[in-house]
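Chemist: Okay, here's what each chain looks like letter by letter:
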Amino acid sequence: MLKRLITSREALLMLIILVLIGLVAIRFPRFITLSNLAGVFNDTSPLILLAIGQMIVILTKCIDLSVAANLALTGMVVAMINVAAPGVPVVVIIAVAIGLGALMGAFNGLLVWKLDIPPIVVTLGTMTIYRGTVFVISNGKWVNSHEMTQAFKAFPRYELFGMPMMSWTAIIAVIIFFIVMTRTTLGRSFYAVGGNPHAATYAGINVGRSQFWAFTISGALAGLTGYLWVSRYAVAYVNVASGFELDVVAACVIGGISIAGGIGSVGGALLGAIFLGVIKNALPVINVSPFWQLAISGSAIIIAVALNARSNKNHGRIILKSAEKTQ
Amino acid sequence: MKTTERIIPDRLQSPIQRYLKSWETLLLAVAVAIFIANSFASPYFLNAWNLSDATFNFTEKAMIAFAMALLIISGEIDLSVASMIALASTAMGAAVQAGFGTPVLILVGLGTGVICGAFNGILVTRMGLPSIVVTIGTMSLFRGISYIVLGDQAYRGYPSDFTFFGQGYIWWVISFEFVLFLIIAIIYGIILHKTNFGRAVFAIGNNPTGALFSGIRVQRVKFILFLLTGFMSGIAAICLTSRLGSTRPSIAFGWELEIITMVVLGGVNILGGSGSIPGVVIAAFVMGLVTFGLGLLNVPGIVMSIVIGALLIGVIAMPRIWKMTRTN
Amino acid sequence: MQVITQDQSSQDRTKPVLVLDGVTKVFPGVKALSEVSLKLFPGQVMALIGENGAGKSTVVKVLTGIYQPNKGDILLNGKPIHFSTPQTAANAGITAIHQETVLFDELSVAENIFLGHAPRSNFGLIDWPEMERRSVEILDGIGANIDPSVKLRELGIANKHLVAISRALSIDASVVIMDEPTAALSYKEIEELYELVDKLRSQGKAILFISHKFDEIFHIADRYTVFRDGQFIGDGLIEDVDRTTLVKMMVGRDISQIFPSRDSHLGDEILSVENYTHVTEFADISFSLRKGEILGFYGLVGAGRSELMQALFGITNLFSGVVRIDGAEVIIGSPADAVSNGIVYVPEDRGKQGAIIDLPIFQNITLPSLGRTSKNGFIRLAEEFKLARKYTKRIDLRAASLDTNVENLSGGNQQKIVIAKWLATQPKIIIMDEPTKGIDIGSKAAVHEFMAELADQGLAVIMVSSEIPEILGMSNRVIVMREGRIVSELTDDDLKPETLVQYAAGINRER
Amino acid sequence: MKRCKFTKIVAGLSVVASIMGTTAFAEDTRIALVVKALGIGFFEAAAKGAEEAAAELGGVEIIYTGPTSTTAEGQIEVINSLIAQGVDAIAVSANDPDALAPALKKAMSRGITVISWDSGVAQEGRQMHLNPSSTPLIGNTIIKLAADHMPNGGDVAILSATSTSTNQNAWIDAAKEVLPNYSGVNLVATVYGDDLSDKSYREAEGLMATYPDLKAIIAPTTVGILAACQAVTDAGKIGEINVTGLGLPSEMAGCVDSGATKSFAIWNPIDLGYAATMLAYNIHNGAATDEGSSVEMGRIGSAVLDETGSAAMSDPFTYDSSNVGDFKSIF
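Those protein sequences? They're chains A, B, C and D, same order as listed. In this text, residue positions in the first sequence follow numbering that gives the first Met the number 0: the first is 0, and each later residue adds one. In this text, residue positions in the second sequence follow numbering that gives the first Met the number 0: the first is 0, and each later residue adds one. In this text, residue positions in the third sequence follow numbering that gives the first Met the number 0: the first is 0, and each later residue adds one. In this text, residue positions in the fourth sequence follow numbering that gives the first Met the number 0: the first is 0, and each later residue adds one.
None of these hints come from the bench; they were simulated from the model. Cβ atoms here follow ideal geometry from the backbone N, Cα and C, with glycine treated the same way. One thing to keep in mind: the hints can contain errors.
[As the list claims (entries may be wrong)] Pair ranges (Cβ atoms, derived):
(1) B:Asn297 <-> A:Met79: 20 to 28 Å
(2) C:Ile330 <-> B:Ser13: 26 to 34 Å
(3) A:Thr148 <-> D:Ala234: 17 to 25 Å
(4) B:Ile6 <-> C:Glu406: 54 to 62 Å
[Unchecked claim] Straight line, CA to CA, 27 Å or less: simulated DSSO-like cross-link-like pairs of lysine-lysine:
(5) C:Lys392 <-> B:Lys193
(6) D:Lys327 <-> A:Lys140
(7) A:Lys113 <-> B:Lys20
(8) A:Lys113 <-> C:Lys30
(9) C:Lys389 <-> B:Lys193
(10) C:Lys198 <-> C:Lys14
(11) D:Lys47 <-> A:Lys140
(12) B:Lys193 <-> C:Lys30
(13) A:Lys60 <-> C:Lys159
(14) A:Lys60 <-> C:Lys198
(15) C:Lys351 <-> A:Lys60
(16) B:Lys193 <-> C:Lys14
(17) A:Lys140 <-> D:Lys198
Input sequences plus hints: build the corresponding full structure.
Modeler: What follows is the structure, given as structure tokens:
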């Protein structure tokens with residue numbers, strides 16, 4: 000049991016992250032102060048939330064490229080609601096964000112489920128449609144900090160036990176989805192659908208419906224992140240989180256989630272996101288030009304996928320070994 | 000096995016019948032419709048110079064789209080194409096700084112593309128990694144190297160004869176780029192539809208194991224396809240750099256998705272196995288016409304992208320919905 | 000596991016527990032089932048017999064809720080029931096061990112057994128400890144010693160099959176469907192399966208046993224039902240019927256499983272393999288092959304025969320040892336090398352490895368021969384059709400046109416295409432891996448006849464087969480493999496079923 | 000079949016094209032105001048100014064356009080479509096000085112008047128460039144804004160827009176030049192937020208983490224200054240770190256109220272849009288653009304061109320708690 004834990008992908012990644020933090024700390028000791036690490040985690044929270052959703056989608060052999068656009072559209076809608084009706088309580092805003100995000104995710108899911116269009120095509124299309132819709136509803140105008148109410152902006156910053164709600168949201172999501180993915184029928188069906196869709200049908204699992212729910216969950220998390228993002232950075236505009244979908248996929252890949260489906264865990268998504276978050280935050284701190292960041296995260300993705308492939312490699316049938324044993 | 004002589008006909012449907020029912024015909028109808036709609040919507044549309052200018056919106060992307068079409072038909076994908084443009088352009092910029100002339104620049108641009116393509120190809124075919132993930136990685140890596148080299152700087156000062164590739168005209172309104180686009184389209188059409196190599200691409204895309212078991216050198220074919228994609232990115236980098244006259248690391252940002260959209264809109268199955276070059280050519284025109292037509296009405300680019308996105312989903316969904324309602 | 004007492008089940012013996020009455024299932028363009036009937040009795044094994052395409056698998060899918068019939072009734076204990084999903088079928092007490100291994104490599108053994116009906120704890124969450132405990136119970140019940148917490152991919156084929164059986168048993172079922180359960184099993188494992196079937200029968204469960212193999216049917220079944228082309232042909236008690244009658248019912252005409260007679264004129268040695276060794280799959284393989292010879296390779300599933308053949312064909316190339324063709328040493332690093340050296344391979348997995356089913360017939364046939372039909376790498380369609388026409392005629396293919404996708408053909412015709420594809424390359428050596436697996440009796444005879452014809456024309460044939468009649472009927476010489484090594488080479492008088500089985504199972508050792 | 004259809008269309012097209020090619024359509028003078036990206040408050044305000052100028056001139060139609068993200072390729076597509084429409088003048092705030100030049104040269108060769116404003120284009124790609132203010136003055140102002148509130152000196156850092164922004168880079172260079180005049184002010188880093196709020200926010204956080212003694216963040220961009228202000232507020236460092244630079248009063252009012260920003264500067268974007276439109280109109284109608292010539296800018300006065308064909312509009316104006324309230328409703 001212990002051996003399995005140590006050799007797991009998650010443990011390896013955890014180790015790499017610790018080494019990385021250690022290396023940064025040599026150059027810049029303040030990096031490992033609790034407050035700074037908490038800050039890094041807080042910054043990484045949106046990535047964590049989206050990576051969890053993306054992980055579930057990838058588990059079912061799909062991919063969701065529309066998450067960043069979904070985030071931008073939800074963010075703009077809630078920001079505009081806040082401007083138009085400043086009295087609406089934050090709870091309602093959050094509910095609207097999750098609901099709207101889920102709706103957009105469900106639309107992706109429906110196209111994949113009912114029309115059987117490949118997920119990459121569906122989300123490539125909805126990605127541009129959602130992003131464009133942000134422009135259409137806002138007329139390209141920004142919603143700026145001074146137009147938002149204090150309550151709207153306060154939620155992600157509100158500190159509980161020394162940590163902002165932004166971080167707590169990510170932590171709660173990690174816990175909830177850990178339980179969902181390990182202990183519920185729906186969660187296990189995602190693994191089954193991605194691992195062997197054919198067998199899943201025989202086990203009474205509707206493949207399309209599972210994929211639909213995966214997209215809906217991913218959308219809901221993107222919607223939630225949309226509100227958090229817009230309120231934290233106190234601005235909503237068309238290009239919010241532009242290109243972020245690839246960071247999210249990258250986090251999943253680094254976290255050991257197999258693009259072929261069926262393999263992955265919430266812990267992996269969490270660590271993959273943290274890995275990217277640490278790199279992003281550490282570079283400016285150790286005085287490496289931010290221009291290096293892109294190349295470093297690119298290399299990390301390639302190395303991660305190479306390592307994963309190595310550990311998953313089919314070693315072929317071992318026929319001889321048993322023969323040797325009996326001799 | 001001595002049974003009565005049975006003759007199996009070669010075909011039941013003539014090729015013409017097949018064309019009429021094809022995706023390309025549907026797409027061509029869409030293109031014609033957009034063309035007509037555009038000429039009514041804007042008085043500036045039917046002007047030779049304007050239409051010539053409009054081609055620049057898609058020619059460079061389409062050049063890569065042809066190689067990408069082959070790659071996608073073979074069951075792989077390359078998301079790093081735009082980053083290869085950036086890196087190739089950066090390399091050319093560096094060559095300019097080193098005082099080299101146009102012939103060397105072209106070699107550098109093409110060479111960089113080929114090397115990048117080979118890098119992708121090795122990772123995918125030798126190490127057996129999934130191409131979508133590998134190229135998400137190299138997409139960051141290649142552009143990342145450009146950023147490391149250039150940072151906040153730009154390379155400029157390209158020699159004046161270099162400007163021909165992106166700004167030159169062969170005859171009247173016919174630009175060099177457009178002619179190059181047509182030539183490349185024909186070459187790729189022949190490669191895919193008329194050669195053994197193209198047949199192997201289709202076989203691999205339909206069933207890589209079956210192709211391997213039929214004696215096709217699957218990994219070699221895929222490697223060549225990655226090389227070709229890199230090579231085409233090099234050509235596109237030359238044209239784009241020549242057209243812009245400068246290199247920044249952010250050059251061609253986000254093009255990969257537009258190129259893939261073009262390929263998919265052209266009827267290439269994203270899961271591999273089927274597609275055609277004429278389809279991609281028409282898709283390139285459709286996207287170019289939509290962008291240009293809406294541009295004339297001063298519609299912002301992002302709204303055009305809604306149209307493209309809806310078109311992408313719509314043209315794929317429509318036949319399926321139609322089929323569904325018919326069977327019910 | 001639920002144990003139903005003997006007297007309870009004997010009461011119901013004459014009353015069917017499950018009845019299909021006039022069930023029809025239509026797919027676009029195909030009528031898979033046409034008003035078929037089927038009755039399953041408690042405590043009895045019903046053998047469902049029919050050629051490929053007879054509708055057996057469709058019946059399984061209808062009974063397990065994967066397909067919904069267009070017409071007809073399903074009666075469970077006399078009451079009509081509708082299986083809208085696999086879940087409802089399972090809830091009604093119908094469980095199946097499917098033909099394909101429908102399991103999940105990345106999930107644990109326990110989860111593979113209980114996926115879809117896992118025990119729940121509070122708040123409706125999956126109760127993992129309880130699930131593992133019950134898995135152990137079921138696994139112990141069938142004598143399998145497997146750790147329920149390991150991932151399935153860590154198990155061997157035989158153990159995976161035990162998990163599949165355990166999964167079927169985890170449902171408190173009154174009806175157990177076994178869809179060709181012995182297809183992937185070795186001799187010894189089949190014996191164990193028989194014991195299990197006996198046990199289930201004595202517990203009063205109704206068993207639907209689908210199989211191609213007459214030996215099995217006569218060994219295990221109490222009753223039979225025959226389908227042909229999606230139609231019900233007849234049923235009855237096994238003791239009232241003989242093989243000839245059953246075959247006649249199956250194919251609609253008289254067919255005796257007689258192998259073609261051949262005059263063996265063996266030519267010169269064409270292939271010799273010396274000390275061929277792979278890291279994990281096989282070792283010290285040495286044999287030779289002569290023109291005009293059919294060399295059989297027999298062994299249990301997983302003995303390393305296919306692996307050896309795929310190495311010879313260049314699919315895997317981690318080996319040491321020497322291969323000579325016509326006396327000259329050759330190095331085969333890829334299938335392309337193999338083909339250019341005159342070795343071709345008809346694989347076992349037709350849909351995945353043999354044919355490219357989404358491409359038209361003529362393209363499949365010309366694929367390895369494009370070098371000859373093309374000019375400077377450019378395709379010449381007329382030449383392609385010419386070549387395809389020539390070889391499809393030779394194998395007596397049945398198809399609407401050469402432009403039809405291979406997907407639309409029957410298994411037998413697909414196999415013919417794979418053979419035609421290779422003949423078009425004018426090979427010296429043809430390796431056939433389970434050449435008649437899963438194809439109907441008519442096509443089977445055709446393939447056998449054709450194989451003999453090829454050998455008579457001087458082609459060297461290697462045939463891997465697990466079917467003893469086929470091995471004995473076709474081969475000049477048989478090599479038996481076990482656990483990656485050659486254990487025996489048999490000719491003439493030594494070629495007896497018992498000898499083959501003894502060597503293959505390691506009961507009688509040579510070398 | 001389909002090929003035949005296509006050739007017919009092409010044939011028909013070229014006939015129509017030759018007829019229509021030279022026809023002029025509009026009686027109005029059409030001036031296109033091309034901005035870095037749509038939706039940015041600063042440019043929206045500039046557009047207001049352009050409309051004001053159009054109303055004043057009469058018979059002028061303003062086409063306010065731009066890409067939706069700050070890319071050169073996007074602007075080129077926009078410019079191509081403007082050329083196709085045969086607008087009379089283009090006034091552009093460029094995302095890249097070099098990349099736009101070929102497209103704009105083409106525009107000029109088709110008889111379109113081209114000027115750049117705010118963020119310039121390489122000299123061969125325009126007839127003149129209007130700087131909102133003089134570069135040295137802006138460079139000095141942004142350092143002075145920081146220095147005024149740190150009597151004992153200390154570390155300052157610059158948070159810029161994209162690394163390719165012409166005007167930001169010029170101002171930063173100018174600022175560095177005058178740095179020695181402010182003793183004790185120590186510029187420790189220049190980072191780029193790409194005019195994206197979230198990236199700017201993170202860069203600001205990074206600055207605070209890296210330089211614990213940081214006294215001021217200077218952001219010569221309206222997006223950056225807002226994000227930095229938010230980051231400083233969130234870090235609880237109001238009073239410790241002063242955020243300053245260039246911002247719009249309407250957006251910065253909150254920051255000034257909270258104390259995160261003591262003061263900031265900006266020129267009037269409405270005036271800038273107004274002036275750019277006036278210049279484009281006048282040059283289109285024949286005003287000379289040689290070195291030393293003077294072009295009228297309506298109510299703003301006149302622009303005098305230097306040897307690079309550039310002119311400055313006015314000095315930046317400084318806002319602090321005493322006056323920001325008066326302007327926040329205007330732009």
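Chemist: So, for every hint listed, does it hold in this structure?
Modeler: Outcome of the hint check:
1. Evaluation of the 20 to 28 Å hint for Asn297 (chain B) and Met79 (chain A) yields a pass: the beta carbon distance comes to about 24 Å.
2. For the pair Ile330 (chain C) and Ser13 (chain B), the supplied restraint of 26 to 34 Å is violated, since their beta-carbon distance comes to about 46 Å.
3. For the pair Thr148 (chain A) and Ala234 (chain D), the beta carbons lie near 22 Å from each other, so the given range of 17 to 25 Å is met.
4. Evaluation of the 54 to 62 Å hint for Ile6 (chain B) and Glu406 (chain C) yields a failure: the beta carbon distance comes to about 22 Å.
5. The hinted pair formed by Lys392 (chain C) and Lys193 (chain B) meets the criterion: a straight-line CA distance of about 26 Å does not exceed 27 Å.
6. Restraint check for Lys327 (chain D) and Lys140 (chain A): satisfied, since their Cα atoms lie roughly 17 Å apart, inside the 27 Å limit.
7. A distance of roughly 24 Å separates the Cα atoms of Lys113 (chain A) and Lys20 (chain B); the hinted pair therefore holds under the 27 Å criterion.
8. Between the alpha carbons of Lys113 (chain A) and Lys30 (chain C) the distance comes to roughly 25 Å, so the proposed pair stays at or under 27 Å and holds.
9. Straight-line distance between C-alpha atoms of Lys389 (chain C) and Lys193 (chain B) comes to about 22 Å, which keeps the hinted pair within the 27 Å bound.
10. Under the criterion of a C-alpha separation no larger than 27 Å, the hint pairing Lys198 (chain C) with Lys14 (chain C) is consistent with the structure, at around 20 Å.
11. Restraint check for Lys47 (chain D) and Lys140 (chain A): satisfied, since their Cα atoms lie roughly 14 Å apart, inside the 27 Å limit.
12. As the CA atoms of Lys193 (chain B) and Lys30 (chain C) are separated by approximately 39 Å, the hinted pair breaks the 27 Å bound.
13. Taken as a hint, the Lys60 (chain A) and Lys159 (chain C) pair is honoured in the structure, with Cα atoms around 24 Å apart against an allowance of 27 Å.
14. For the hint linking Lys60 (chain A) to Lys198 (chain C), the alpha-carbon distance of about 40 Å lies beyond 27 Å, and the restraint is violated.
15. For the given pair, Lys351 (chain C) sits about 20 Å from Lys60 (chain A) by alpha-carbon distance, which is consistent with the 27 Å threshold.
16. Among the hinted pairs, Lys193 (chain B) with Lys14 (chain C) is inconsistent with the structure: their alpha-carbon atoms are about 65 Å apart, more than 27 Å.
17. Of the supplied pair hints, the one linking Lys140 (chain A) and Lys198 (chain D) holds, its CA atoms being roughly 19 Å apart against a limit of 27 Å.
In summary, the numbered hints that this structure violates are 2, 4, 12, 14, 16.
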